[in-house]
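Residue numbers (the numbering used here), protein chains in the order written: chain A, 30 to 515; chain B, 2 to 103; chain C, 768 to 1413; chain D, 4 to 477.
No lab work stands behind these hints, which were simulated from the structure alone. Treat the hints loosely; a few may be bogus.
[Said to hold, decoys possible] Pairs of lysine-lysine residues, derived as BS3-like cross-links and limited to a Cα-Cα distance of at most 30 Å, are as follows:
| id | chain 1 | residue 1 | chain 2 | residue 2 |
| --- | --- | --- | --- | --- |
| 1 | C | Lys933 | A | Lys468 |
| 2 | D | Lys474 | A | Lys188 |
| 3 | D | Lys474 | B | Lys89 |
| 4 | A | Lys188 | D | Lys354 |
| 5 | B | Lys102 | D | Lys474 |
| 6 | A | Lys59 | D | Lys30 |
| 7 | D | Lys474 | A | Lys100 |
| 8 | B | Lys89 | D | Lys30 |
| 9 | A | Lys188 | D | Lys361 |
[Said to hold, decoys possible] DEER-style ranges, computed between Cβ atoms:
| id | chain 1 | residue 1 | chain 2 | residue 2 | range |
| --- | --- | --- | --- | --- | --- |
| 10 | D | Gly400 | A | Thr385 | 51 to 61 Å |
| 11 | D | Arg148 | B | Leu5 | 44 to 54 Å |
| 12 | C | Asp1340 | A | Glu390 | 21 to 31 Å |
| 13 | A | Pro54 | C | Gly1370 | 19 to 29 Å |
| 14 | C | Phe1410 | B | Tyr87 | 35 to 45 Å |
| 15 | C | Ile1412 | B | Ala74 | 26 to 36 Å |
| 16 | A | Glu390 | C | Phe1191 | 19 to 29 Å |
| 17 | C | Leu1402 | D | Trp403 | 20 to 30 Å |
| 18 | C | Phe1410 | B | Leu54 | 25 to 35 Å |
[Claimed, not checked] Short derived list, chain D residues pointing at chain C, Cβ under 7 Å:
| id | residue |
| --- | --- |
| 19 | Val269 |
| 20 | Phe282 |
| 21 | Leu285 |
| 22 | Glu470 |
No residue lacks a Cβ here, since even glycine has one placed at the ideal position from N, Cα and C.
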Amino acid sequence: MTGFPILTAILMSTVFGLLTILLIPPERTKLVKQVSMFWATVGLILTLWLYFNFDHSKGGLQFVERVLWVKSLGIYWFHGVDGINMPMLLLTAVVLFTGVWTMWELEYRAKEFFALMFLLVAGVYGMFLSMDLFWMFVWYDVSLFPMYPLISIWGGTRKEYGAMKLTLYLLAGSALILPAIIYAWVQGGAITFDLFELQKIGFSLLDQKILFVMLYLGFGILAAVWPFHTWSPVGHVAAPTAVSMIHAGVLMKLGAYGILRIGMTLCPQGLGYWSDLMALLACIGIVYGALVGLAQTDLKYVIGYSSVSHMGMVGLGLATMTVSGINGAVFQMFAHGVMTALFFSSVGYIYDRTHTKMIPELGGMSKTMPIASAFFIIAALAGIGVPLMASFWAELLVFIAAVQVFPVGGIFAMVGLIISALFMLRVVQRTFYGERNEKFGHIPDVSPFLAVPRIILIGVILFFGFFPKVMLDVIQSAVIPFVGSF
Amino acid sequence: MNSLNTYLIISAFLFSIGLVGVLQRRNLIGMLISVELMLNGANLNFMAFNRFLTPEPVVGQIIALAIMGLAAAEAAIGLSIILALYRKMHSINIEQAQRLKG
Amino acid sequence: MDAIFKDPVLLATVVGTSLPFLSMAVILIFTRHNPMLSSRISVTSIVVAAVCALLNLAKVAGASHPFRFETAWMSSGNFHLTFGYYLDPLSALMLTIVAVIACLVQIYSLGYMSGDPGYSRYYAFQSLFAWAMMNMVIASTLLQLFIFWELVGLASYMLIGFYYEKFSASQAGKKAFVMTRVGDVGFFLGIIILTLGFGNLGIPDLNNAPGTGTITTGFITMAALLVFCGVVGKSAQFPLITWLPDAMEGPTPVSALLHSATMVAAGVYVFSRIFPFFAASPNAMLIALAIGTVTMLLASTMAMTTYDLKQVWAYSTVSQLGMMVMSLAAGGYFAGVFHLTTHAGFKALLFLCSGIFIHEYHTNDMRVIGKQGGRKQLVPMICITVGALALSGVPPFSGFFSKEAILGALNAQANPIWLFAGLFGAFLTAYYSFRLIFHLLFPKGGIEEKHAVHEMDSHGHKEEHHGGLFWAMAVPVMILACVTVVLGFAEHSLQGYIMAGGGAVKHASTAATGGAAHGVVGHELLVILGISAGLVGIILAWFEYGRKGASRNGFLSYFPPVWKLFDARWYMDAFFRWFLDTAIYSGLTSIFTRNDRRIIDGGIDGICFFTETGGRLFSFMQSGMLQYNLLIMVLVAGLAMLFFIV
Amino acid sequence: MMNDFILFLPEFYFTIAALIYFGLSLKKTSEPWALQKWALTLAGIGLIVTVAASRQQGMLFFDCYRVDLFSQVFKVLLAMGTFWIIFSSSELRGIDGRQHAEYYFLMFICTLAMMMLVSSVELLTIYVAIELSSYSLYLMVPMRRNADEFSETGVKYFMIGVTASAMMLFGISLLFGATHTTYVSQIITKLPALFGQPVAIVGLVLALAGFFFKLAVFPFHIWAPDVYQGSANQVTAYIATASKMAAAALIIRFSALSMGASHELVNFLIVICVLSMTFGNLVAIIQKDIKRLLAYSSIAHAGYMLMGILALDGRGYAAAIYYAMAYLVMNYACFMVIMKIADDGHNLQIKELAGLHKRSPLLAMTLMMGLFGLAGIPPTAGFTGKFLVFAAAVEKGYLWLAIVGMINATISLYYYLIVIKAAYLLKPVQELPAIRIDRWTHAMSLILVALMVYLGVFPDQFVNITEAAAKSLF
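Make a model of the complete structure from these sequences and hints.
Pasting the structure below:
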């Protein structure tokens, strides 16, 4: 480890944020927000610096920090970035930044809220940064359990049920992950948790099969893989805005990232064995999510199901085991993260003002609050996969790979495009078009200050929509060798 | 006739009687006495083993003596607790004491 | 970067095609609250674009080979995508058409949309549309074309649903988007298959592919048909016709823009764009031909029953698109493109004229307009008649020449049925368009002067007639009328222009114009047939609607079921609705939703409940009775012993 | 001689302390707070002494008494537990003021007994030590004042205890008969050969029954819920923390000496372990009284410890020791909060926690950390403990056991979350006053939280210590 440990610094920016917030007396909410804003900004700046200093021509793992942590078990404090977690880091930083900004109006128990939020994000950063299985799991769980208080205290519809369900469900997933990780450690000679050393060791086919399915199911729950997706809509509906943003935007990616980083790195043959199952579930998820989304009357439910559909896209991309597929999957994680964050933050604004997110009660919102509606509509268009928005490229790549590897499934999944268009536009029409609901006629539109975070998100979507190269070069700098290693 | 097995059988018998007594008697004093029987079964074992298997050193006997002492202490403590209970619920029938469950 | 300034063509292209986008951005972000400024910005940008387009047209004419500028856009593994411009005669011509029409429409809208609350928004979307459309036209790869094709769809969704308070409008927008999406998915799949099977999406490369023989005919057929799905969606071919008539919910200028030259023509444009590729697969061509024919006839029949001005033109658009597809599919490459050009002119003309009427009388019903004295509006009345004449292929108007060309192409087909279908279509076209004209000219029971109302709102318009707004609408109309009149005589120069350098195209079209070298009927006869088909239609219309004491209701009204059939669009809408309701909403969706709630979620909750119940059951083990507990303890110890001993 | 004295120093010290308080208990009247203060001082010094003696090694009393790193680590834990319990006995309202002196006296005696327990390696010594600690607990449990509904607790605990100890004694006698010796080390060497004959088996199982009774492993747990619920909060805390340590140490040592024990023994342990985890967690779900809930959770945790132990190798024992260490801290954290909130010594119901985050954010946080630790959520000590234990089990090839353990952890999370929810979420029925906590408690909570996180995040040196301790077993 040479020079300034920037990755640890990024990670610590959230931890310090947590600690400093804890020191502030609870009644000084304004200060709390300023402090959180400050630390979020620090994280964002560091991440941006990292992104633009990441040498994608060189590829590989960069900015590596590696310290022996627990000698007798071979646990390392091992951080590094490559093309796969770089976009995720950027995503996390952006979503945290905008999320904090979005919650600027929060007054009720603000201190605890932001403290927990930073704890959560610390977990997310850690999971993305760490290359050591032990720490990965630690951070993974750290990012999960704050969801409980966050949802159950500040949440909305059926918050206690949602919170309990979500927390237990996700931690039940980790009930498979931890044994799998330990098993990998044992099979690797019980000497190291270093991901790449374990990769070098290379497991037997049987072990790979066992390990992969355990990891896939464990992480798949968080990635809302089809039959295990039901926590996601319920949880999103229950969660407060910023939490939904972070959760759907970033946390769900942890699942897919885990499958990719741990599962596929350690047991490519295992993936090869299970890929058909993966693809099947993914395709079902894509279409199923869109179809169920058609019937929802709660804005957040709709978004939740669209997430199911989009995460299916990620799973499909991963299952193909091709460069384009994995590129697309990673890109999709990023794009979907930003998009969903935008979704939730605009819905959050509407909900805060109208105190309803039931589609039938709204309507004609475009007249009442054109800007807020515009935000949602743009997000919806991104969700449909309109070109020149980030997610289009992701879907393009995923479909190219899918049609190549699983022709039937790929074509089947493309039908999902039609349905998703149908249900997104349906929601837009019911909510924002049509006669305005005079009950909400008096409500003011988004103030410029609160518009900023949404605009940032839109900017990100469009930027990477116009210049996909900027991200794809980074991503495939890692993916090409990765696929080569299969 | 004068063999180890005889003693072992007797001690096992004692122990079993004690155990059954503990499980079946509803009277706390009765249970306490049954426990004493179990202890004595153990005692008998120690003595017998000492006598037939390991004449030297006389560990068994020592243990037996120690157990007697402990048993006495135990009885004392037990009786005092039972007495305290009796003060409160005016009965030493264990069936009266079923408040804590689940 | 500096390459842009070196090359005038590139410069013109970049400037012309990106200005509208900038104007949109500026309008949306800054000048939303200043309608006047917004419209000025948008109009100037589009005018500049039009000028640039004309420059390019000239440049391309001079050039020996098409211009092609490309730069890497993205790459993933071995899949590389370039962003670029491909300017050959076809795209240059199309670019000009699009730019000019868009320009005229925007100027027209200055008058038409004046005072609308969404004025700025309108111009923003107009610019977006123009931008997307132009970029689509000059796209250098099929994927880039698809991307902007989708954006065109998006912009049209916005424009069609412009009056979003109206449920029908937003509904129509949604319908348009989703139905075209259905086709687009096919298109998308086609592109992906091309990527995987051929690996190069460059349009010229695709066009030259069949010659090289790197790919099999079967593959070409599959890819071509998939791409054709997109054409079907965008150009409202059978069976995805019905979104287009509904799309009339948008403001009239929008209809003019979308349905004359641009959005719907995009499909035909794509067809002609990779015409040689299509031509390499006879089966694909045949299917396309059939679909085109069916579309044309269906649409014409639908047009015969409606009384809504814009509806009539909408149907006629569909049928004309069918015509173009037919001619292309029949190998009449130039004919198709030429008809596309002329149609752009006169259809825009027709829409804009009806727009003036609608603006004046606030109704779409031709009968009402006629009653209220539509013919008094001289400018639009004359122009609309010119347009109608062109549409029904009466010489010397532009429509005549293009139709003749198409009939020629059909004539070349071995099977005469296509030719007769074409003639019949021409007849129907003439019939319904003049049905409308006569409705306007000679309304049933003459014009009743509804003084009170009419005076007032005509008074309201009095200023307009002489004010700038009226002329803002009138001038573009006149320009288009002139174009319609003269364009036909430019046929041969255009032909030379289009066919110049298009080696692949020539070869393909000759190849595709099937068996009968000398055609079914002779050339002179064909001309006569063509004209007569039109005239017959007009005369029939005259007998039913024009002449004094005419019955004023078409011969169809003697066959009510047929009338109903046509009026209900051959029940296609009904079918789609039924499909959506039963198969999707009350079918899969509800099933899946229930499955989600009951089975999956229920399962989870069931597990939790089961766990808790388990807790209750186990808690009985901890009974209050001391000795039961002891018993358990002893028993387990005993079991353990047995476990060991046994 | 002097050296031997040093070896025995901690036990000796606590004997003195006990004697002092025996003397004090003879006095008619005495100031509770003064008693507490002095007891605290004595315990503090005791802790220091124990730490000072922690590097000692040697045998005493004709090799009946083994002083090694293992025993010393546990002695430190015991002393620390005692110190903490006395620390939070400042409001000992659960026990009549006149009996406070006896309370401390018995606590010191019990600590002494358990210290002897962790280093005794001879059956009679073990038995005597167990009995000594049990007797003092038998007496501490019924000390609770004006708690009629719990009056039966004492007698139940006593009866179960004596029965278990009788069974153990009988087992010991059989072992003695089978192996002709009372030294555990020798017994173990002979035992594997004797697994054929019933005498040895019966003896072993019965003996183990006594040990499991101390650890409250299913099915010998039956006393735990009643006792936890029925005795004064401080006593419960003491039983839940200190005496757990002793029991764990006892079992670890016993099974450590049974190296190369038969396969059946391991299977037996597995069965017991799974049953304890499952039973404890399932029944805990439906509890309303926090102490009873913690009782069941302690049964489950005993199961987790066993999972480490049944690996029967160094890493396993090290994991178990680490787990015990973590468990001491986390469990005490929870109990300290409970004792603070229920400062009048009543039994705390879960719903009484409502609005705790308002009444005292610090205590609420301590409770949350403690509970999350017990649930095994990183980055607390509880997670690392579980991790080590599972690692040991999986290394021996019991992957499925680890999965079962994790599923149980998920179940346990449910009831821990219910408590946390009460503390952070529920609105209290009537507005309760803020809890005032003196600065010592304040400091203590911070220390505990820090300790839990530190143990969890920087386990390195602790793991080293535990592994060294585990090595010293053989």
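Looking at the structure, which of the earlier hints fail to hold?
Checked against the structure, the hints that fail are numbers 2, 3, 5, 6, 13, 16, 19, 22, while the rest are satisfied.
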